[in-house]
Amino acid sequence: MKLDSKIPQGPIDKKWSDYKNHIKLVNPANKRNIDVIVVGTGLAGGSAAATLAELGYNVKAFCYQDSPRRAHSIAAQGGINAAKNYQGDGDSIHRLFYDTVKGGDYRAREANVHRLSEVSANIIDQCVAQGVPLAREYGGLLDNRSFGGTQVSRTFYAKGQTGQQLLLGAYSAMNRQIGRGKIQMYNRHEMLDLVLVDGKARGIIARNLINGEIERHSGHAVVIATGGYGNVFFLSTNAMGSNVTAAWKAHKRGAFFANPCFTQIHPTCIPVTGDHQSKLTLMSESLRNDGRIWVPKKMEDAVAIREGKLKPTQIAEEDRDYYLERRYPSFGNLVPRDVASRAAKERCDAGYGVNATGEAVYLDFASAIERYGKEQARIQHLNENDAKLVYKLGRDVVENKYGNLFQMYEKIVDEDPYTTPMMIYPAVHYTMGGVWVDYNLMSTIEGCYVIGEANFSDHGANRLGASALMQGLADGYFVLPYTIGDYLADDIRTGAIPTDLPEFVAAEKNVQDMIDHLMNNKGSHSVDYFHKKLGKIMWDKVGMARNAQGLNEAMDEIAALREEFYKDVKVSGTAESFNQELEKALRVADFLELGELFAKDALHREESCGGHFREEHQTEEGEAQRDDENFAYAAAWEYKGNPRDAVLHKEDLVYENIKLVTRSYK
Amino acid sequence: MNLTLKIWRQKNAKEQGKIVEYKINNVSPDMSFLEMLDVLNNELIEKGDDPVAFDHDCREGICGMCSLFINGQAHGPDRGVTTCQLHMRKFKDGDTIYIEPFRAKAFPVIKDLVVDRTAFDKIQHAGGFVSVNTSGNTQDANAIPIPKHDADKSFDAATCIGCGACVATCKNSSAMLFVSAKVSQFALLPQGKVEAADRVMNMVAEMDALGFGNCTNTGACEVECPKGISLENIARMNREYLKAAL
Numbered sequence: 001m002k003l004d005s006k007i008p009q010g011p012i013d014k015k016w017s018d019y020k021n022h023i024k025l026v027n028p029a030n031k032r033n034i035d036v037i038v039v040g041t042g043l044a045g046g047s048a049a050a051t052l053a054e055l056g057y058n059v060k061a062f063c064y065q066d067s068p069r070r071a072h073s074i075a076a077q078g079g080i081n082a083a084k085n086y087q088g089d090g091d092s093i094h095r096l097f098y099d100t101v102k103g104g105d106y107r108a109r110e111a112n113v114h115r116l117s118e119v120s121a122n123i124i125d126q127c128v129a130q131g132v133p134l135a136r137e138y139g140g141l142l143d144n145r146s147f148g149g150t151q152v153s154r155t156f157y158a159k160g161q162t163g164q165q166l167l168l169g170a171y172s173a174m175n176r177q178i179g180r181g182k183i184q185m186y187n188r189h190e191m192l193d194l195v196l197v198d199g200k201a202r203g204i205i206a207r208n209l210i211n212g213e214i215e216r217h218s219g220h221a222v223v224i225a226t227g228g229y230g231n232v233f234f235l236s237t238n239a240m241g242s243n244v245t246a247a248w249k250a251h252k253r254g255a256f257f258a259n260p261c262f263t264q265i266h267p268t269c270i271p272v273t274g275d276h277q278s279k280l281t282l283m284s285e286s287l288r289n290d291g292r293i294w295v296p297k298k299m300e301d302a303v304a305i306r307e308g309k310l311k312p313t314q315i316a317e318e319d320r321d322y323y324l325e326r327r328y329p330s331f332g333n334l335v336p337r338d339v340a341s342r343a344a345k346e347r348c349d350a351g352y353g354v355n356a357t358g359e360a361v362y363l364d365f366a367s368a369i370e371r372y373g374k375e376q377a378r379i380q381h382l383n384e385n386d387a388k389l390v391y392k393l394g395r396d397v398v399e400n401k402y403g404n405l406f407q408m409y410e411k412i413v414d415e416d417p418y419t420t421p422m423m424i425y426p427a428v429h430y431t432m433g434g435v436w437v438d439y440n441l442m443s444t445i446e447g448c449y450v451i452g453e454a455n456f457s458d459h460g461a462n463r464l465g466a467s468a469l470m471q472g473l474a475d476g477y478f479v480l481p482y483t484i485g486d487y488l489a490d491d492i493r494t495g496a497i498p499t500d501l502p503e504f505v506a507a508e509k510n511v512q513d514m515i516d517h518l519m520n521n522k523g524s525h526s527v528d529y530f531h532k533k534l535g536k537i538m539w540d541k542v543g544m545a546r547n548a549q550g551l552n553e554a555m556d557e558i559a560a561l562r563e564e565f566y567k568d569v570k571v572s573g574t575a576e577s578f579n580q581e582l583e584k585a586l587r588v589a590d591f592l593e594l595g596e597l598f599a600k601d602a603l604h605r606e607e608s609c610g611g612h613f614r615e616e617h618q619t620e621e622g623e624a625q626r627d628d629e630n631f632a633y634a635a636a637w638e639y640k641g642n643p644r645d646a647v648l649h650k651e652d653l654v655y656e657n658i659k660l661v662t663r664s665y666k
Numbered sequence: 667m668n669l670t671l672k673i674w675r676q677k678n679a680k681e682q683g684k685i686v687e688y689k690i691n692n693v694s695p696d697m698s699f700l701e702m703l704d705v706l707n708n709e710l711i712e713k714g715d716d717p718v719a720f721d722h723d724c725r726e727g728i729c730g731m732c733s734l735f736i737n738g739q740a741h742g743p744d745r746g747v748t749t750c751q752l753h754m755r756k757f758k759d760g761d762t763i764y765i766e767p768f769r770a771k772a773f774p775v776i777k778d779l780v781v782d783r784t785a786f787d788k789i790q791h792a793g794g795f796v797s798v799n800t801s802g803n804t805q806d807a808n809a810i811p812i813p814k815h816d817a818d819k820s821f822d823a824a825t826c827i828g829c830g831a832c833v834a835t836c837k838n839s840s841a842m843l844f845v846s847a848k849v850s851q852f853a854l855l856p857q858g859k860v861e862a863a864d865r866v867m868n869m870v871a872e873m874d875a876l877g878f879g880n881c882t883n884t885g886a887c888e889v890e891c892p893k894g895i896s897l898e899n900i901a902r903m904n905r906e907y908l909k910a911a912l
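Listed in order, the protein sequences are those of chains A and B. Using the working numbering, the first residue of the first sequence is number 1, and each one after it goes up by one. Using the working numbering, the first residue of the second sequence is number 667, and each one after it goes up by one.
Only chain B is shown next, with the shape it has when bound in the complex (with noise of 0.2 Å):
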C-alpha cells in the first residue's frame, strides 16, 4: 500500500507544533501500526531527517505505553484494540492518515506524539492501594473466599492498562473512566472496603486538581476504551462517592 501520513510534528513541551505530511511505499498490511512508522522513522535517519517520537514498548497491547489519535480516535479506528495491534489491514491503498499525540491538558507534548501522563500515576499515590504491608505476614489467601462474580467483575475492573485514551477521546478531558476502573477494583473485594471512603475521596480530589474535567456521561471513553472498561464503573465510583461525602 502507498499512503499519505499527515503527523503531528513538535519539538518540546514549549514550541508550537504543526502538522507535517510524509508519503511512505509499500506498506504491508500484515504490519503493524506502529511497524509501519518504523519504517518511515528508518527512511528519515538514512535521510538526515530527524524521526518521528512515539511512545511504544510491550507491543502486545498490556503494557499501555503507545498512545497516538488516528484519524480523530485514540488507537486508531479498530474496535478494542491499543495502536500496537492495529494493523495495516485496516487501511486502504492511497489512504491520508492523521497522526496525532493524546491531546488533554493533563497530559502535556513531550515531544512529536509523546505525552506526559504521570498524572495517571499521581491520582494513583493518592490512594489507588491497599494499605497493607509487605511483609510476608498475611493471612492465608483462602481465608478470605470471594464469590467468583464479584472476583470477576474486580478483574474486568482491574484490566485497565492506563493508556488515556479514555482522557484523549473525552471532550472534557475527563480520567472518570481510569479512576473508576481502579476504586471498583478495590471497591468489589472485601480487602479493599476498610478504605474505600478515603480512597475515593483521595482519588477524585487529586484527579480535579491535576486538571483533569468532569464526567458528562458521553460515553465515548468506553468505546474507545481499548480494554472495554465499562461505564458501569463511574456509576459505582459515583455511588462510592457520595456514600463517602454524606
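With the rest of the complex left out, here is chain A (with noise of 0.2 Å):
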C-alpha cells in the first residue's frame, strides 16, 4: 500500500481555502441520517463533537472519565498560541508556521502546520465568544506571553490553568448539544476496538465500565481523539487513566502507526522522589519566561546541597551556572523543550544535580520578584531601594501569574518556591508521534479519523510549548468539520449500520476472550507491577537518550515482559462489574506491544531530532545531529501480528516553503 498524504496542490497560503472551496458538502436533512462516532471528549473530541452535532449529525460520543470535563486536556497550564500579532511585535501566520516546523525538527508536514497556523486566530475568537476567561491587560484588551521556542508574544492564557478554561469552553459547547439531544453522550465508556465493514471503520466495541457490559456502536465514521501514550514510561506527566488503547486497537484493524519514538521529555518537572510516585507533575513552561536555571558551577557546592549542607540561597551568584543562558545566548531560558531537557540531563550526568537523587537542577524566581518589584515601586512611586518593599510587590506580580502554579509546587514538595528556588527535571509528556493521518485527518483505514494528540501530523519532533492545545482545538473545531464532510457525503443513503453484522460480532468475541483471559490467569502479580517494569525498561532504555545496543535489548526485553504478563498478571473481582484491575490490565496489555514498535522506531531512526535523540548522532559539543538526506520522512509502521515485524513505509516529508537548516537557538 503506498500512502498518500492527499495533500492539495497549489501555493502553501492558498491550498486549505482552496481545498475548502472544492470539497462535497452534506446538505442538512442529510446530516441528520449521518452517524458519527467520537472517542474522547478533550479538546479535540469534545471541540469535534460539539461542531459536528451542531452541523446536525448524530453524534455519539465516548469518554472513560465520568464527564467530558476531566479530560486530561484540562490539565495543560501555560497557554495558546495563535497568529494575531495583538503585540505588533512582527507576529504573523507565516512565521507561526515557520516556527512551528522550524521548533518539530523539520519533521512535520508543511501543508497541515500552515492550516494550523491559519485557523489559530480563529480559535481565540471562537474561546472568547463561549467566554473562556482568558487574560486581560487593564485596557480590556487580550494580554500574551511567550514561550519557549519563539522570539514573539503570541502565548493567549489563563493563569496557568489555560487548558482548564479552553477544555470548559468546548465541554460547554458539548452540553449545549448533549441538552438538545445532538450528542449522546457515552461517559465512563472504553472503547476496546475498532469494527471495520468492507474495509470501512463502521463502529466500535466499548466496555461500559460501570457494568462491564460490552456493547456494540455503529456509526458511518469513527473520530479517534484518545491523547498521547506517554504512559507507556508509567511515570509521565499523563493522567493515570491516559492510554494507548482505542489508537492501538486502530493500528492492529490497519491504520499505520507514525513516528512512535517522538515523544517529548518536558524540561520543567518536579522530581522524582522515590519508588512509591504513581506520575509526575508538570510545571508550565510559561514559567522558563521569568525563572532561570541553573545548577552550582563548583562540584564541592552540589555535594554539599546535595548533602544538605549548602542553601540554594548560600551560593554567590558567580558560583552558579546558567546552563542555559551560557550556551545558548539568542535564546536563553526559551529555548525549546528538547534542547532544554538534554541540556539539563548533560549537567545531572557531570555530577550537578541538586536534590537528593543528583537529578534535579533549579528554576530560580529571585531575580524576576527584584525586577518586578522595582517595577511596580516605579510606577506606584515607592522607594525602590526598599529591599523589603520592593520583594513584596515583585512577589505579588509574580502570585498573580503563576500562583496556583507556585502552590501546587508548595503541596508536594513542601518547600516555598517564593523564597527557594525550584527544583525541576525533565519528564516524559507529549508524544508527538500517533496515528498515521492524511490531509484529511484520515487514517489509512477509510472512515477511521484520528484527531489531536492522537495523531502523528502538526508536531514533527518535538512540541513547542502552547501548540497542543492550538492543534486539538483546531482539528476539532475548525479541519475534521470540513474534511469528514466529503467523506460522508458518499454516505447518505446508507442508511443506519446494524449491529448484528458478522464484523461486530467477530470483533466483541475479540474483546471478550481478552477479557476472559485476562480475568481466569491464575496469575500473582499486580497490574501495576508489569507496568512499572515496563516503564523502567523504556526510561532507561528508550528515554531521553538511545543507542542501538539498549533499543535492541528494550525490544527483547518488552517482549519478554509481555509474555510474562500474559502468564502472571492477576486481576481480581469480576468482569461484569465495575472494575479499575481489569481496565488497567487491557490498557497495559497494550502499552506492552506499542512499547516494543516505540523501541523499534527509535533503532531503524539512525539520525536524532527533536525528541529523538541517538548517541551515536550528535555533534561534538553534544547537540543533535540529524540526517536530512536519509530520513526526512515521516516512519509509518503497519501492523503484522507482532509489533517486531511491522513493516515500515515512508512518507517522504518535502519542504518547499521553509528551507532545512540545521535549528540552532545560540
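Simulated from the structure, these hints should not be mistaken for lab results. Only a predicted model underlies this, so the values are computations on that prediction, with no experimental measurement involved. Glycine included, every Cβ here is placed at the ideal spot set by N, Cα and C. One should not assume that every hint holds.
Each computed SDA-like pair below joins lysine to any residue, with the alpha-carbon atoms no more than 25 Å apart [what the hints assert, rightly or not]:
#, chain 1, residue 1, chain 2, residue 2
1, B, 758, A, 413
2, B, 814, A, 378
3, B, 713, B, 669
4, A, 20, B, 801
5, B, 756, A, 355
6, A, 15, A, 95
7, B, 814, A, 153
8, B, 814, A, 152
9, A, 14, B, 803
10, A, 31, B, 801
11, A, 650, A, 9
12, A, 15, B, 805
13, B, 713, A, 583
14, A, 584, B, 774
15, B, 859, A, 138
16, B, 680, A, 576
Chain B regions said to be covered by chain A (calculated; three or more residues, Cβ under 8 Å) [stated by the list, open to error]:
#, stretch
17, 693-699
18, 706-712
19, 725-735
20, 780-788
21, 797-806
22, 819-831
Make one complex out of these two single chains by using the hints.
Rendered as C-alpha cells:
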C-alpha cells in the first residue's frame, strides 16, 4: 500500500481555502441520517463532537472518565498560540508556521502546519465568544506571553489553567448539544476494538465501565481523539488513565502508526522522590519566562547541597552556572523543550544535580521578583531601594502570574518556591507520534479519523509549548468538520449501520476472549507490577537518550515481559462489574505491544532529531545531529501481528516553503 | 509511618456497605494520599483480595475526579487541595484514618469510594454555556474588551473543578456553590449576559429536580472547596435569579 498524504496542490497559503471551496458538502436534511462516533472528549474530541452535532450529524461521544470535563486536556497549564500579532511584535501566520516547523525539527508536514497557523486566530475568537475568561490587560484587551522556541509573544493564557478553561469551553459547547439531544454522551465507557465493514470503519466495541457490559455501537465514521501514550513510561505527566488502547486497536485493524519514538520530554517537572511515585507533575513552561535555570558551578557546592549542608540561596551569583543562558545566548531559558531537557540531563549526568537523587536543577525566581518589584515601586512612586518592599511588590506580581503553580509545587515538595528556588527535572510529557493521517485527518482505514494528540501530524519531532491546545481545537472545531463531510457525502443513502453484522460479532468476541483470559489467569502479580517494569525499561533504554545496543535490549526485554504478563498477571474481582484493575490490565496489555514498536522505531531512525536523541548521532558539542538526506520522512508502521514484524512505510516530507537548516538556538 | 485505615466498602449501588479496617506500614511522608491507597491496593491484590475502588485521574489537582471524605472532611485535613495533592506528611505515625465516599442523595455510590457525579453534568446541559456556534465566524476577540477586574473575577469562578466537595460537605447536600460558580462566570462577561436570565432559571430548576438541597448559608462549602470558590458567587446567583424571576 502506498501512502497518499492527499496534500492539495497550489501555493501553501492557498491550499486550505482552495481545498475547502471544492470539497463535497452534505445537506442538512441528510446530515440527520448520518451517525458519527467520537471516542475521547478532550479538546480535540470535545470540540469535534460539539461542532459535528451543531452541523446536524448524530454524534455518539465516548469517554472513560465520568464526565468530558475531566479529560486530561484540562491539565495543560501555560497557554495557546495564535498568530494574532496583537502585540505588534512582528508575528504573522507565516512566522507561526515557520516556528512550528523549525521547532518540530523539520519532521512535520508543511501543509498541515500552515493550516494550523491559519486557523489559530479563529480559535481565540471562538473561545472568547464562548465566554472563556482569558487573561486581559487593564485596557480590556487580551494579554499575551511568550513561550519556548519563539521570539514573539503570541501565547494566550488564563493564569496557569489555560487547558482547563479551553476544555470547559469545548465542554460547554458539547453540553449545549447534549441538551438538544444531538450528542448522545457515553461516560465511563472505553473503546476496546474498532469494527470494519467492507474495509471501512463502521463502529466500535466499548465496555461500560460501571457494569462491565460489552456494547456494540455503529456509525458511518469513527473519530479517535484519545490523546497520547506517554504512560508507556509508567511515570509521566499524563493522567493515570491516559492510554493507547483506542489508537492501538485501530493500528491492529490496519491504521499505520507513525513516529512512535517521537516523545517529548518536558524540562520543567517536579523531580521524582521515591519508588512509591505514581505520576509526575509538570510546572508550566511559561515559568521559564521569568525563572532562571541553574546548577552550582563548583562540584563541591553541588555535593554540599545534596547532603543538605548548603542551601541554594547561599550560593553566590558568580558560583552559579546558568547553563542555558551560557550555551544558547539568543534564546536563553526559552530554548525549545528538547534542548532544555537534554541540557538539564547533561549537567546532572556530569554530577551537578541538586537533590538527593542527583536528578534536579534549579528554576529560580529571585531575580524576577526583584525586577518586577522595582518596576512596581517606580510605577507606584515608592522607594525602589527598599529591599523588603521591592520583594513584596515583586512577589505579588509573580503570584498573580503563576500563583497556582507555586501553590501546587509547595503542596508536593513542601518548600516555598518564592523564597527558595524550585527544583525541576525533565519528564515524559507529550507524544508527537501517533496514528498516521492524511491531510483530511483520515487514517489508512477508510472512515477512521484521528485527531489531536492521538495523530502524528503537526508537531514533527518536538512540540513547541502552547501548540498542543492549538492543534486539538483546530482539528476539532475547524478542520475535521470540513474534511469528514467530504467523506460522508457518499454515505447519505447508506442508512443506519446494523450492529448484528458478522464483523461486530467477531470484534465483540475478540474483546470478550481477551477479558476472559485476563480474568481467569491465575497469576500472582498486580497490573502495576508489570507496568512499572515496562516503564523502567522504557526510561532506561528508550528515554531521553538512546543507542542501538540499549534499543535492541529493550525490544527483547519488552517481548519477554509481555509473555510474563499474560502468564502471571492477576486481575481480581469480576468482569461484570466496576473493575479498575481490569481496566488497567487491558490498557497495559496494549502498552506492552506499543513499547516494542516504539523501540523499533527509535532503532531504525539513525539520526537525532527533536525528542529523539540517538547517542551515535551528535555533534562534538553534544547537540542533536539530524540526517535530512536519509530521514526526512514520517515513519509509518503497518501491523503484521507482532510489533517486531511491523513493516515500514515512508511518507517523504517535502519542504517547499521552509529551507531545511540545522536548528540553532545559540 | 504505620497507620490504621477504616475504609467504606460497598460492592455496588444496591448492596449495603460497611467500614472495614486495614493496617498499612512503612508509609512515607512524601507519598500522596492516593499513592498510599495504591500501596494498600497492591498488597490486597497480591493477597488475593479485592482492591479498594476510588476515583482519580490527573493527580495534579485539576481534573476534579478524586473525591474521598477523610476523617469527616472532603479532601481531607489540608486546606485548598484535592485528595490527590494531600500528602501523608499531614498525618502522624499511628493515626487511624476514616475514608468514606462523598455522600449525597444526588451522588449515588457506584462502588466503595466511587460515586456517580453526573448530576453535575445534567445541570450544565440545562444552560451552562453561551449559545454560540463553533463555526469560526465569530468576531475578533479584541472587539469585546472586558475590564481586567471582571475577567479576573469571572476566571476565579470558572476555576471550579466540579469535584463535588461542596455538596459532600453541605448538611443540605446543596450544589449552590458549584452552580453559582458557572452562573457567575457568564454573568460577569458580556458574552454571557444575553441569555443570563434563562440560564440561571434553567440551571437552578435542574439542580432542584436532581435532588440537591438548598443553601442555608452555613458556608462549609467555601471552607472545604479545594479551589477557593467564594460564597460571593452564591450571592451573585441569588441576585441573578431574583432579577430573572421578577
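Structure-based check of each hint:
Restraint check for residue 758 of chain B and residue 413 of chain A: the C-alpha separation of about 18 Å stays at or below 25 Å, so the hint holds. Of the supplied pair hints, the one linking residue 814 of chain B and residue 378 of chain A holds, its CA atoms being roughly 22 Å apart against a limit of 25 Å. The straight-line distance between the Cα atoms of residue 713 of chain B and residue 669 of chain B is roughly 19 Å, inside the 25 Å bound, and the hint therefore holds. Taking the CA atoms of residue 20 of chain A and residue 801 of chain B, the gap is near 14 Å; set against the 25 Å cutoff, the hint holds.
Only pairs whose Cα atoms come within 25 Å are accepted, and residue 756 of chain B paired with residue 355 of chain A is accepted, the gap being roughly 22 Å. This hinted pair checks out: residue 15 of chain A and residue 95 of chain A have alpha carbons roughly 17 Å apart, not beyond 25 Å. The suggested pairing of residue 814 of chain B with residue 153 of chain A holds, with an alpha-carbon distance near 19 Å, which does not exceed 25 Å. Distance check on the hinted pair: residue 814 of chain B and residue 152 of chain A sit about 23 Å apart at the alpha-carbon level, within 25 Å; holds.
Of the pairs offered as hints, the one joining residue 14 of chain A and residue 803 of chain B holds, with about 19 Å between alpha carbons and a cut-off of 25 Å not exceeded. For a cut-off of 25 Å, the pair hint linking residue 31 of chain A to residue 801 of chain B stands: about 16 Å separates their Cα positions. A C-alpha spacing of about 20 Å is found between residue 650 of chain A and residue 9 of chain A, which places the hinted pair at or below 25 Å, so the restraint holds. At most 25 Å may separate the alpha-carbon atoms for a hinted pair to count; residue 15 of chain A and residue 805 of chain B meet this at roughly 24 Å.
Restraint check: the Cα-Cα separation between residue 713 of chain B and residue 583 of chain A comes to about 20 Å, which is no more than 25 Å; the hinted pair holds. For the suggested pair residue 584 of chain A and residue 774 of chain B, the alpha carbons sit about 24 Å apart, so the restraint of at most 25 Å is met. About 21 Å separates the Cα atoms of residue 859 of chain B and residue 138 of chain A, which keeps this hinted pair within 25 Å; it holds. Of the supplied pair hints, the one linking residue 680 of chain B and residue 576 of chain A holds, its CA atoms being roughly 15 Å apart against a limit of 25 Å.
Three residues within the 8 Å Cβ limit are the bar, and the stretch 693-699 of chain B against chain A gives 4, so the coverage statement holds. With a threshold of 8 Å between beta carbons, the proposed coverage of the stretch 706-712 of chain B by chain A holds, since 5 of its residues qualify and at least three are required. Under the rule that three or more residues need a Cβ within less than 8 Å of chain A, the assignment of the stretch 725-735 of chain B holds, with 7 such residues. Requiring three or more residues with a Cβ within less than 8 Å of a Cβ of chain A, the coverage given for the stretch 780-788 of chain B holds, as 6 such residues are present.
Restraint check on the stretch 797-806 of chain B versus chain A: 9 residues with Cβ-Cβ distances below 8 Å, three needed, restraint holds. As drawn, the stretch 819-831 of chain B meets chain A at 6 residues by the rule of a beta-carbon pair under 8 Å; at three or more, the given contact holds.
No hint from the list above goes unmet by this structure.
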